[in-house]
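From first to last, the protein sequence lines stand for chains A and B. Going by numbering that gives the first Met the number 0, the first sequence opens with residue 0, and the numbers climb by one from there. Going by numbering that gives the first Met the number 0, the second sequence opens with residue 0, and the numbers climb by one from there.
Treat the hints with care, since some could be wrong.
Below, in silico cross-link-like pairs of lysine-lysine (BS3-like), each with a Cα-Cα straight-line distance of 27 angstroms or less [to be verified]:
hint, chain 1, residue 1, chain 2, residue 2
1, B, Lys-150, B, Lys-162
2, B, Lys-162, B, Lys-85
3, B, Lys-5, A, Lys-119
4, B, Lys-2, A, Lys-119
No wet-lab data here; the hints were simulated from the structure.
Listed below, chain by chain, are the residues.
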Amino acid sequence: MRFLRFLMREFVMHGVVFAVVGTLALTLLYLLSIGAPPSSYPEAGRSLWLMVTGAQDFQAANPGFSAGRIIASGAAITLPLALASLFILAVIAVCGASFATTARYLAARHGQRGVLAVSKLLGGLLGLLAAVPLFVGFWVLANGFGSEAPFPLIALAVVALGGLGWDALSFLMADMERQLNTTYSEVFSTLGAPLGQLFPLPGTMSGYLFSSSLPGFIPYLAGKVPAIIGAVTIAEIVFSFPGLGSTLLDALLASNTDLLVASVFILLCVNAVVAFIVKSILFLVYPRWYEKAV
Amino acid sequence: MKKPFKIVLWALLAILVLPLALAWLPPDSVTTNLPPQYQLSLFASFKQLSVTLLATLLVSSLVAIVLGYVSVLSTPLGRGLASVLKAIESVPSILIALFCYAPVSGYLARHASNVSELASLGVFIFAAALTVLPEAVRGLAIPLGDLYHRKYSLSFRSYGFTKAHILSVLMRTDTMLAAIRHSAAGILLKTLVLDCSFGFVIQLGFGSYGTPAHHSPGALIAANRDALFEGGNPLLFWLPSLLLAATSIAFLLVLNQKKDVRS
Chain A
0 MRFLRFLMRE FVMHGVVFAV VGTLALTLLY LLSIGAPPSS YPEAGRSLWL
50 MVTGAQDFQA ANPGFSAGRI IASGAAITLP LALASLFILA VIAVCGASFA
100 TTARYLAARH GQRGVLAVSK LLGGLLGLLA AVPLFVGFWV LANGFGSEAP
150 FPLIALAVVA LGGLGWDALS FLMADMERQL NTTYSEVFST LGAPLGQLFP
200 LPGTMSGYLF SSSLPGFIPY LAGKVPAIIG AVTIAEIVFS FPGLGSTLLD
250 ALLASNTDLL VASVFILLCV NAVVAFIVKS ILFLVYPRWY EKAV
Chain B
0 MKKPFKIVLW ALLAILVLPL ALAWLPPDSV TTNLPPQYQL SLFASFKQLS
50 VTLLATLLVS SLVAIVLGYV SVLSTPLGRG LASVLKAIES VPSILIALFC
100 YAPVSGYLAR HASNVSELAS LGVFIFAAAL TVLPEAVRGL AIPLGDLYHR
150 KYSLSFRSYG FTKAHILSVL MRTDTMLAAI RHSAAGILLK TLVLDCSFGF
200 VIQLGFGSYG TPAHHSPGAL IAANRDALFE GGNPLLFWLP SLLLAATSIA
250 FLLVLNQKKD VRS
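If we strip away everything but chain B, and leave its shape as in the complex, we get:
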């Protein structure tokens, strides 16, 4: 990829994910024609989304890197792990999220806002990590395995390096860094989709009573879904939708870069 194009691409990416950064500004620092309560919710939901994305990215990436490394290091363990992850992958993500949320919904409703928010975030990260891990681990284990079986790895082995040492060296190669970047974009995109779909579904089912602990843009869109009806203000529905679409485009662009790496 040519350098000017790369600069333009990164600038575009920064613009597209800007809503996640702007959400950290004080809500009253931006003057709009939006209803004040809605503006507060908009800022809160994107702030919460950025926390959720970052926390899930950190947890899932770390676990994926460890599992990807371990599954190449030990073939039997890798096979066992692949079977477990494949079984998890066979269950729809939204089902996993709903099932993780259902048991704690009572707890969330009973406890104070701060405790409840923390518990909700923890539950969601657990559910999201479960759903994104299979693809993330596969995305790292396959290229790492390929690299290990290439000729220069064989020459490493002839020098007497241990498998663990060779793998740790290979993990720092450009190919693996690109794989980690690609995997991170996949984690972010999947988490974004799951978080918002989950927020939308929970809001649709439980109403405002059910989602005090999970401010998701999906829940905000669901709460303002009637804005599309006659007499409503469609901006309340479309604004968070467009911001979400922009963020998704940023992640899709990073995912699409994989093709350039391959070619």
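Isolated chain A, as found in the complex:
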């Protein structure tokens, strides 16, 4: 029953309904603002339907942009880049927060201030990277690699520049440090468990703190998916990848409502898929926390 409720909420409501209603709302806004004739409204809806069903008519109406191509560009470029960015974001936040928290612990309990200084230096560096505009970093990468830039490097830029990584690290670090000052953490620290400075493995001090922070961190990650998708869209435009970002810009340049609607729909679908994956992890690992989070 709980699983069905989860599917109903996350897959149907936040997935299918979100993508369809979101696309329809944006389309309506667009058509109203350009003062489109009434006949354009059902036509835009029909075009979306043709695109979703992969009908040949869509390709005939939009030469060079088949339904399959738009969906494939989302599946082949936008989705993997978004997932890679999400993975890197999680790794940076988890490793960084473990290091920072254990460094603070060592400084407070054992007077080892050197590690804390290193941790603060690394945090400062990440803060400086966060201040670098995302598109500047992308263009520098594009200047070096052209459109052959490796996906992991682009995903790393998505996370490190523009503030996503800094924000995630600050969020998790603040939560883990708050746990550090609780009585049960003090009790745990007397058991002589290893610190787990670089990664919060189970059985380590940082692992213990992280297990308490994880239920709050996963919904946070789910909330960052739109920002990641937005950054990936910019990356696709800068690197001239034949992804959804480029299609969207082509549609804007040509004032092609059908294409605009189609690319927005797929973009929202990719957004919903990534958010669904993250929430599924939360539901599978912490079903009660999932219920609490929603």
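Given the structure of chain A, go ahead and fit chain B onto it with the hints provided.
Chain B alone, transformed into the frame defined by chain A:
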């Protein structure tokens, strides 16, 4: 935070956001080796950015304060509002900005510079406010709700004060002022990022033809992106980039102060 450190911090912040203030000087009052046309564009873009940031900050902060207050005042309204804002937050910001810009791009290209600039600013503020509001409202409603449910608020209630009156008193507490300051820094940072990313993307897509109405440093960087190639002057690319990074650092520093407030 100790007072000398606070003074140094505010001085540093003032230095970092200085480009936004210097942009209001007459461009020819500063002598540089930069090409005159580029210098004019540099000043114009940062001047426009300061207007955009200030206008978005005023509009968004005002709306966020009202919505944050109303959502604590009326729980059902707050829940409804939270759902709407959550739905808006689920759409990437750049998509909202592009979608807001697309319908009016034709209008902007057809009309005179002044009208066009005003319309462009209005559209951008609308788009930026939409994207920053969810976090800003949450950032105010949560601490306000927390304060309202604390013990001393209960004693306020025992004196017979109305909820609206108690909330308006709580809005003036140090905690809420810190929350408003933090929220304002968040609005500024998000608007800066969106404005420049949007300017860059539009310039990349439309070229100089597409951005007559929106002088953003992002558009200026995009217009000079070829300066990184052999034979170009990399300063044309890096100068606005570094100034933007400095401004972002200022906002990040203010955002980071939240941790000090918490601890």
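Lys-162 of chain B and Lys-85 of chain B were given as a pair; does the straight-line alpha-carbon distance stay at or below 27 angstroms?
Since the Cα atoms of Lys-162 of chain B and Lys-85 of chain B sit roughly 26 angstroms apart, the hinted pair holds (cutoff 27 angstroms).
Straight-line alpha-carbon gap Lys-5 of chain B to Lys-119 of chain A, limit 27 angstroms
19 angstroms, holds
Are the Cα atoms of Lys-150 of chain B and Lys-162 of chain B separated by 27 angstroms or less?
With Cα atoms ~14 angstroms apart, Lys-150 of chain B and Lys-162 of chain B stay inside 27 angstroms; holds.
Holds or violated: are the alpha carbons of Lys-2 of chain B and Lys-119 of chain A at most 27 angstroms from each other?
22 angstroms, holds
In this structure, none of the earlier numbered hints is contradicted; all agree with it.
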